[in-house]
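Place chain B on chain A using the hints.
2 protein chains.
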Amino acid sequence: MLPPTLSDDQSVPFDDRGLAYGDGLFETVLLRAGKPVLWRYHTARLAKGCHRLGIPLPCQQALDATWQGGPTAEFEVLKLILTRGSGGRGYAQPDQVTPHLLSRRTPFQPSVERWQKGVAVRLCDLQLARQPRLAGIKHLNRLENVLARQEWSDATIAEGVLADSEGLVVEATSMNVFWQRAGEVLTPQLDQCGVAGTLRAALLEHGAIALASLSLHQLANVERLWVANSVQGVWQVTKLFAADGSLLQSWPLSQPDPFQRLAHQLLGVT
Amino acid sequence: MLPPTLSDDQSVPFDDRGLAYGDGLFETVLLRAGKPVLWRYHTARLAKGCHRLGIPLPCQQALDATWQGGPTAEFEVLKLILTRGSGGRGYAQPDQVTPHLLSRRTPFQPSVERWQKGVAVRLCDLQLARQPRLAGIKHLNRLENVLARQEWSDATIAEGVLADSEGLVVEATSMNVFWQRAGEVLTPQLDQCGVAGTLRAALLEHGAIALASLSLHQLANVERLWVANSVQGVWQVTKLFAADGSLLQSWPLSQPDPFQRLAHQLLGVT
Chain A
68 MLPPTLSDDQ
78 SVPFDDRGLA
88 YGDGLFETVL
98 LRAGKPVLWR
108 YHTARLAKGC
118 HRLGIPLPCQ
128 QALDATWQGG
138 PTAEFEVLKL
148 ILTRGSGGRG
158 YAQPDQVTPH
168 LLSRRTPFQP
178 SVERWQKGVA
188 VRLCDLQLAR
198 QPRLAGIKHL
208 NRLENVLARQ
218 EWSDATIAEG
228 VLADSEGLVV
238 EATSMNVFWQ
248 RAGEVLTPQL
258 DQCGVAGTLR
268 AALLEHGAIA
278 LASLSLHQLA
288 NVERLWVANS
298 VQGVWQVTKL
308 FAADGSLLQS
318 WPLSQPDPFQ
328 RLAHQLLGVT
Chain B
68 MLPPTLSDDQ
78 SVPFDDRGLA
88 YGDGLFETVL
98 LRAGKPVLWR
108 YHTARLAKGC
118 HRLGIPLPCQ
128 QALDATWQGG
138 PTAEFEVLKL
148 ILTRGSGGRG
158 YAQPDQVTPH
168 LLSRRTPFQP
178 SVERWQKGVA
188 VRLCDLQLAR
198 QPRLAGIKHL
208 NRLENVLARQ
218 EWSDATIAEG
228 VLADSEGLVV
238 EATSMNVFWQ
248 RAGEVLTPQL
258 DQCGVAGTLR
268 AALLEHGAIA
278 LASLSLHQLA
288 NVERLWVANS
298 VQGVWQVTKL
308 FAADGSLLQS
318 WPLSQPDPFQ
328 RLAHQLLGVT
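Chains A and B, in that order, are what the protein sequence lines are.
If you read the first sequence in this note's numbering, its first letter stands for residue 68, the second for the next number, and so on.
If you read the second sequence in this note's numbering, its first letter stands for residue 68, the second for the next number, and so on.
Careful, some of the hints might be misleading.
Copies of one chain are not kept apart here, so a pair can be met inside one copy or by any two copies together.
Stated by the list, open to error - Taking lysine-lysine and the BS3-like style, the derived pairs with C-alpha atoms no more than 30 Å apart in a straight line are:
1. K205 x K306
2. K115 x K102
3. K306 x K184
4. K205 x K146
Simulated from the structure, these hints should not be mistaken for lab results.
Just so it is clear, the structure is predicted and the values come from calculations on it, not from any experiment.
With the rest of the complex left out, here is chain A (with noise of 0.2 Å):
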């Protein structure tokens, strides 16, 4: 494991991979009080989009670096970007490839509005290409998550759910989505597409969640839904809309919330 360059002025050259292919890696992180929650699932989705894009995973030492030391707020988040750093001209890698690794943090506070009232998402035009190479992995070629994002502007909309070229449900645009069937919390497996988020992992392990399958068509006839990830935490969602704006299916609140109670644990954001 090489040590990565660390750039001071947090900025990068020119000829950087990542700038240059979106040749790295990325991971936001929900700092409480100073420290990283779910730092260790963050970590692993790293290291495991290194090794598949064979760029070398900087040490622990370095990575935990970047939210060691300096003034904490209560919510806080951490970016981290990892590229493959600088080379020539063309797609082959340098010999010697010695990475950038770069962070930001930025002061931050949860929607607990969105907590207890839920949100209103909708779908999007836009379907996922399916790359099974890239999937899984929060990788920097996020060109489609940005179009999906530009498909609204409407700011009572939370969400954009997605869907791939066989029109199964992945995500949303920046977070996870889980449903309950037959009283069960389920979640698309993303080996084609999409990102698999750390608070997903952390609910996978706990045994809280399990993989299926969802149609877009089969998505307004689920018994509840939901969109998390790591910072935001879990949004139940309350209603849906098509890409038309037309209202699919509304849900009602459901108070208690087992599945947030338990993510929310597992964020420490109770």
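Frame of chain A; chain B shown alone:
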């Protein structure tokens, strides 16, 4: 059209969306005696990419400024990177988008030997995902090309040919693919994936080539095969290897090569 922010030090900050999400476009342009070759096609592709991604196109003056002035060599490569600029956390773009335009010129020497003697290419294992929303444009989400280029390190292999998930030939890792059937030169349509090269665009405009579909299985049986782009010119393929290294086909070097001659006239490298 907004004036882009020109970065004097040719770096981008942490929050640049090109770095964060590959949210941008690039062009790689041959300069001959300081003048861009096929410049009209490069700016047209950039404009198409900006339209597709919703990024404001820099004014022509700003684009021209990337190659005007300075010392000139016989051949150089100009690389442009245009990103959506800085943005906050999350995929939603900021209310006010100010793109970052970066550029760099580097000396370049085309391989006359490959023009004259042809090249060996191989098939890649990686299959390109089909995403019509991103097909044809030269965006910054190029992890598929990076992974494909990792498949070989043998310097005698000049390029790797990529098919999509349906098994249809799309492109080479950094070049377009052309083949001859019944005397006609053909190239894939690139409406599902792949980068539509500027040399390819010029050849299409001149009526020198036509669009067609070719399965990977048919590739070894074409009359002639070429890989080409606007920087390297046209390389006749004389040997085609499978991903496992076995020889699939060899073609005798055919001279004269009217296709190469026309393409090189368009590039001014005759």
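A quick look at each hint next to the structure:
no., hint, verdict
1, K205 x K306, "within (28 Å within a copy, 38 Å between copies)"
2, K115 x K102, "within (22 Å within a copy, 45 Å between copies)"
3, K306 x K184, "within (11 Å within a copy, 64 Å between copies)"
4, K205 x K146, "both (12 Å within a copy, 27 Å between copies)"
When each numbered hint is compared with the structure, no violation occurs for any of them.
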